[in-house]
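Asker: The chain contents come next:
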Amino acid sequence: MKKILALLLTLAMVFALCACGQTAAPAASEAPAEESAEAPAGDEITLDVIICQYGPNTQEWFLGSGMDGTNFVDKFEAANPGVKLNLEVVSWNDVYTVVDTRIASGQAPDILNIDVFANYANEGLLEPVSQYCPEELYNDFFPSFIEQSVIDGTVWAVPDLASARALYYNVDMFEEVGIEPPATWAELEDAAQAIVDFYDGEVYPWGIDMTTDEGQAAFAYYTWGNGGGFVDAEGNWALNSAENVEAIEYAIGLVNKGYTNPNPATQTRYDLQDMFAAGKLAMCIAPNSMPTYCADKGSTVNMATTAIPANEGKTSSSVGVMDRIMAFKDEAAPDQAARDEAIGKFLTFFYDPENYVGWVSMEGFLPAVNSAVEALVAADPSFEAWLDVLSSCQFYPTAKGEWDAVKQGTIAAEQAALTGASVQEQLDALQAQIAG
Amino acid sequence: MNRTLEKKIEPYIWLLPSLILMAVFVVFPILIVFKLSFSEVSKSGLVGGFIGFKNFADAISLPAFKTVMLNTLYWVVSVVGLSTILGFVIAMVLNQKFRGRKIARAIVVFPWATSLVIQASVWNYIIKYEYGNLNNILLNLGIIKQAVNWRMSYQLEFIWECGVGIFVTIPFVTFCVLSGLQAIDNSLYEAAEIDGASFWNRLWHITIPLVKPSLTVSTVLNIIYVFNSFPIIYTMTKGAPSNKTDTLVTYLYMLNFYDRQKGPATALSVIGFLVLCLCAGIYMLGVMRKEDNG
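Line by line, the protein sequences give chains A and B.
Under the working numbering, the first residue of the first sequence carries the number 1, and numbering increases by one thereafter.
Under the working numbering, the first residue of the second sequence carries the number 437, and numbering increases by one thereafter.
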């Protein structure tokens, strides 16, 4: 008896501790019957909104007092009687967990701000943009941005903001060493060697981030700079193209020659930006918010930007990163038309230049609508140059359903290559896994 | 009411509140995970129909599966094993009478009382190559001439992770053993000393047999706890490079929320649960058999 009791207690203990440890499995109910957007009193509609935290000001702007003493929610509700917002600001680290868990438990938000959308669209969870977005607003978006959210001819999300990447370099260091910013891969290696020689290894010439945070960006920087990329001209996955293999081998070569930060698999872009700000790194590919980022860290590094180096004879292209706003279906909503209208009101209010310009410039991003450009350029003339970059940059193929797997797969391939695996074999295996 | 019946029922009434809590917050979610592991789960987390053992087959055929299982084994054995040995030694020392013993005991608790995420982040800073404390101290003391990259390879990174795991687990073992040591009657040692028993003799024949129950408790709890430990590895490497420093728990998290392979991730968590039940079960049975015999 004692034995059985003890065994039972052990099992109970295992149960209890397992429950503490296993955060991964979403507790789910089967039918995703979203229950938001009900009309509790009269014609009032409450929209559940999830916004990602772009920086320290996001929360303040939406919910605190960061919008000239008031906040977005209060201002919106005052301007739109009958629509209430139940708005949550969620960190980028948690947002996938939060959204997946909410979908699984049938409580998807009405409006979601996130980067990916293809899975939600493919699984029939999203409403097409045409259902709720007023035409005037729709025509205001940069067409090249809207194209990024199209699957089978339907637009499933609208862009909320964008950022573009460029190469930042430490001007003082380059002058001290007596070199010019590199435009080609060969020049990059020469510059790196000169920096290594001059500073006796105290300064890393080049920053590489192949972490699970953003290793896919490294894949884009090098493959796009070699005429390759995630997809071919027809838009089919072409992960193991000769150009890609050459590009990733080149990147791994930079690491092996000692031209980069020592641990690319665990040093994120933020680590690199910190090193750049501290004068420990000479070159770093970063978004347009880099000067703000360094200034916030108290850095006085004298920096300038140039195009990301490309292979000899190939064109350099910037990497554009775009996030989105999308609306989930809610079949339980009593009045679908009223709900769509409320979502439209939210978007109209958000993209109103009076509100939107403050939002975009606050965290140092680039706008997604034409109407904001004038005001932004007036406030900060340096925006103009970035808008040019933005118009010529390439985006990740996020409209393809396999993107999640491709993203993780490219990172895994890079990391395996860092430990000595063959790039060709890694990319062949990835291509086979993705394209079947 | 019948007096004996009342006596029989009474314990269960006392247990009822905790049983209800466990059923709602522990047993029920675990049953759902079991159900999910046999269901089709979409990338966004929508649950479809029954698909038999497909999730398990997918999980086992994942390229990283073998590495991750081996890592988990290394992780559990090294962390639990070494922290038990070191914790035992520290407990022996702390059981001696010396000045400042109370302070020493308090200090030992610190690693345990700090959150694991903070511990792991602090260690990340300590071993950082560029501006880590360890390199700074060694450079200032003149022990090394050039900064050392303490995370040169993934093997080294995994060893650091195990090291941090051991560091934070030692206090728990120490205090379990210490409580056992304090329960040992001093007259036993005195008698042994009179009979001319050496330190090792006393250790083998008195100390270890008598603290064994405490060691059993700490070992079983540690196996479960270390197996399920998530923060250290997630904070220090996130399993990079390419899952070479992942253990089962961090891997299934990444699989679920980064790779969005939710079905196999659920299957892995069920596999982990069964492995743990098996380990803990075998260990407990073995120990209890010995205790019954002895």
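Everything labelled a hint here was simulated from the structure, so no lab data went into it.
The reader is advised that the hints may include incorrect statements.
Claimed, not checked - Covered stretches of chain A (in silico footprint by chain B; criterion: 3 or more residues with CB under 8 Å from a CB of chain B, positions within the stretch not fixed): (1) 179-193; (2) 305-316; (3) 407-415.
What the hints assert, rightly or not - Mimicking DSSO-like on lysine-lysine, the simulated pairs with C-alpha atoms at most 27 Å apart in a straight line are: (4) LYS280/A - LYS297/A; (5) LYS490/B - LYS257/A; (6) LYS257/A - LYS502/B; (7) LYS471/B - LYS280/A; (8) LYS471/B - LYS297/A; (9) LYS471/B - LYS490/B; (10) LYS329/A - LYS84/A; (11) LYS564/B - LYS581/B; (12) LYS400/A - LYS581/B.
To be verified - Covered stretches of chain B (in silico footprint by chain A; criterion: 3 or more residues with CB under 8 Å from a CB of chain A, positions within the stretch not fixed): (13) 506-515; (14) 571-580; (15) 616-624.
Backbone N, C-alpha and C define an ideal beta-carbon position, used for all residues, glycine too.
Asker: Could you run down the list of hints and mark each one as holding or not?
Answerer: Hint check results:
1. For a cut-off of 8 Å, the count of residues in the segment 179-193 of chain A with a CB near a CB of chain B stands at 0, and the three-residue condition is violated.
2. Three residues within the 8 Å Cβ limit are the bar, and the segment 305-316 of chain A against chain B gives 0, so the coverage statement is violated.
3. Given a C-beta distance limit of less than 8 Å, the hint that chain B covers the segment 407-415 of chain A holds, as 5 residues qualify and 3 suffice.
4. About 14 Å separates the Cα atoms of LYS280/A and LYS297/A, which keeps this hinted pair within 27 Å; it holds.
5. Under the criterion of a C-alpha separation no larger than 27 Å, the hint pairing LYS490/B with LYS257/A is inconsistent with the structure, at around 44 Å.
6. Of the supplied pair hints, the one linking LYS257/A and LYS502/B is violated, its CA atoms being roughly 31 Å apart against a limit of 27 Å.
7. At roughly 52 Å between alpha-carbon atoms, LYS471/B and LYS280/A are farther apart than 27 Å, so this suggested pair is violated.
8. The hinted pair formed by LYS471/B and LYS297/A fails the criterion: a straight-line CA distance of about 49 Å is larger than 27 Å.
9. Between LYS471/B and LYS490/B the alpha-carbon distance is near 13 Å, which keeps this suggested pair within the 27 Å criterion.
10. Restraint check for LYS329/A and LYS84/A: satisfied, since their Cα atoms lie roughly 18 Å apart, inside the 27 Å limit.
11. Proximity of LYS564/B to LYS581/B is assessed by CA-CA distance (about 16 Å); at most 27 Å being required, the pair is judged to hold.
12. Restraint check: the Cα-Cα separation between LYS400/A and LYS581/B comes to about 52 Å, which exceeds 27 Å; the hinted pair is violated.
13. Check on the segment 506-515 of chain B: 0 of its residues sit with their Cβ under 8 Å from a Cβ of chain A, so the three-residue criterion for coverage is violated.
14. Counting residues of the segment 571-580 of chain B whose CB falls under 8 Å from any CB of chain A gives 0; the rule of at least 3 is not met.
15. Check result for the segment 616-624 of chain B against chain A: violated, 0 residues qualifying (beta carbon to beta carbon below 8 Å, three or more required).
When the structure is compared with the earlier hints, violations turn up for hints 1, 2, 5, 6, 7, 8, 12, 13, 14 and 15 and for no others.
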